[in-house]
Amino acid sequence: MTDTNPRNFIQRLANALHDAADDVEGWGNYASSYFQEKHDLLGNVARIHAMADEARAYLAATTEPPISEQENERRFKECLRIIQNTTHEDLVELMGEDFLEEFRRASQR
Numbered sequence: 001m002t003d004t005n006p007r008n009f010i011q012r013l014a015n016a017l018h019d020a021a022d023d024v025e026g027w028g029n030y031a032s033s034y035f036q037e038k039h040d041l042l043g044n045v046a047r048i049h050a051m052a053d054e055a056r057a058y059l060a061a062t063t064e065p066p067i068s069e070q071e072n073e074r075r076f077k078e079c080l081r082i083i084q085n086t087t088h089e090d091l092v093e094l095m096g097e098d099f100l101e102e103f104r105r106a107s108q109r
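End of the sequence shown = 109 in this note's numbering, gap-free, step of one.
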């Protein structure tokens with residue numbers, strides 16, 4: 001099963017970019033100095049590493065602290081309150097009548 005957590009996905013992409021930059025550098029070193037300079041090997045490697053670093057910096061800057069059990073419970077109760085107080089008119093406004101009709105048909109199968 002694939003991990004669908006966006007933060008984990010970004011981390012895997014950053015790791016893959018870092019590894020790819022190292023591979024590009026390694027393969028590029030087989031080329032002559034002329035072709036390394038012509039195709040800006042060092043610049044390309046640096047740009048790939050910079051993208052990996054930018055992704056990692058984003059993850060570091062947006063890390064949310066874990067919530068407490070009390071906060072989790074409060075949020076859960078608030079969600080239940082919203083669900084319990086949602087009217088048919090609210091659902092029509094949010095989802096549209098066509099969606100609700102399709103939902104009714106699907107749920108009766």
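Don't take every hint at face value.
Derived DEER-like restraints, expressed as beta-carbon distance ranges [said to hold, decoys possible]:
| id | residue 1 | residue 2 | range |
| --- | --- | --- | --- |
| 1 | Asp22 | Ala57 | 11 to 21 angstroms |
| 2 | Tyr58 | Asp19 | 10 to 20 angstroms |
| 3 | Asp98 | Tyr30 | 35 to 45 angstroms |
Calculated from the structure, these hints are not laboratory results.
Note that CB positions come from ideal geometry on N, CA and C, so glycine has one too.
Enumerated hints in conflict with the structure, sorted upward: 3
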